[in-house]
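Participant: In case you want the letters, here they are:
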Amino acid sequence: MNGPLLIGRDVRRSFGSTVALDGASVEIDAGEIVAIMGPSGSGKSTLLHCLAGILRPDGGEAHYRGKRVDLLSESERSRLRRDEFGFVFQFGQLVPELSALENVSLPLRLGGMRRRDAEGWAYEWLERLEVAALAAKQPGELSGGEGQRVAVARALIGGPRVVFADEPTGALDSLNGERVMTLLVDAAHSGGTSVVLVTHEPRVAAYADREVVMRDGRVVTPVLAS
Amino acid sequence: MAVSHALLGLLEAGPRHGYELKREYDERFAGGRPLAFGQVYATLARLLRNGLVEVDAVEAGAGPERKRYAITDLGVTDLDKWLGRPEPPEPHLQTVLFAKVALALLSGRPATAFLDVQRAAHLRRMRELTALKAKGDLAAKLVADYALFHLEADLRWLELTAARLEELAAELSR
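As given, the protein sequences belong to chains X and W, one line each in that order. Position 3, counted from 1, in the first sequence is what our numbering calls 3; the numbers after and before it change by one each time, with no gaps. Position 157, counted from 1, in the second sequence is what our numbering calls 157; the numbers after and before it change by one each time, with no gaps.
Just so you know, these hints were derived from the structure itself, not from any lab. Glycine included, every Cβ here is placed at the ideal spot set by N, Cα and C. Treat the hints with care, since some could be wrong.
Claimed, not checked - Covered, in the sense of this in silico footprint (three residues per stretch, anywhere, with C-beta under 8 Å from a C-beta of chain X), are these stretches of chain W: (1) 117–125; (2) 128–140; (3) 149–155.
Please model the entire structure based on the sequences and the hints provided.
Facilitator: Take a look at the structure:
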């Protein structure tokens, strides 16, 4: 495929009378790791949600592999998110009633894979993220850093083309934050996966290939992928 | 910090005598370490020699002649270049970064432009250090971490400053 993998063009989105995105534009290439930075309220997470098909923009366009994500129906966007994207959030993303292994295998199960096969894959991913010993534990029994590594495994298990990570290390100390970022970036690089990383921490942004800076709902750094 | 550029920045607002420049510099940028008169006049002499300032008026008085200095077009160009250039990212740049922001605001230039180029320079350096960490041994990682935390502190300060530019501009113009 030619051209950028993800494009946001003049994206606008408001919540009531609050303008979150005021014409934000960004382009992200396949395999590229891009950090979206900016002060609180500058629109970082809203831009991520619009690019990932979680939110529908009020105006502008969101493209993924040359297709208009913003024109898809709710069920089409839901399928796109499940089949092509992975997600890591700050917290609250693992299903509390399921074990770490079941959480990680969930995307494959939703895609129709048999339980035994899905859990075999999930176990390999837990090993890769150095948390295989915790496979049987429930999220409530995991530390913040352990839970995030399980979440990264779940985001990557389906072989997504893009991982959207919103403050993935926001609730972690420096050492655990570093581990999670190193594992995420290594896995993304080896799988050719793009990562869209929202963070307000410069040390976390420094794992990305480049940064996109937002102010008042707009991107103030150059739009084009280099 | 480059005293010469601070003096050029102050002169851009209008011609000044040497002692006025010293007073303003001490108030805004000295941080408890006032300039010596000798340094002010030596700096002005060098700026004069390089054509960045000129003597705008000479007042004869009871004591020595009092020269009033003005910035030249060449001086404005030089100041522009300095303000637009990011500082090499290294820890503890507070004095020079603050001076650039304040001088940009005092002279009606967009301080956000400077903050943006400085942020980009800092993040570039932080990416290099992060890449080094991936290859190096633990000792190398720890050394890189020290620099990363200090650069991050600089960047946090830059973001906070960016969020307070209007407030700072209002305070400086008083």
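Participant: Determine for every hint whether it applies to the structure shown.
Facilitator: Each hint tested on the structure:
1. 117–125: holds (count 4)
2. 128–140: holds (count 3)
3. 149–155: Holds, because 4 residues of the stretch 149–155 of chain W bring their Cβ atoms closer than 8 Å to Cβ atoms of chain X.
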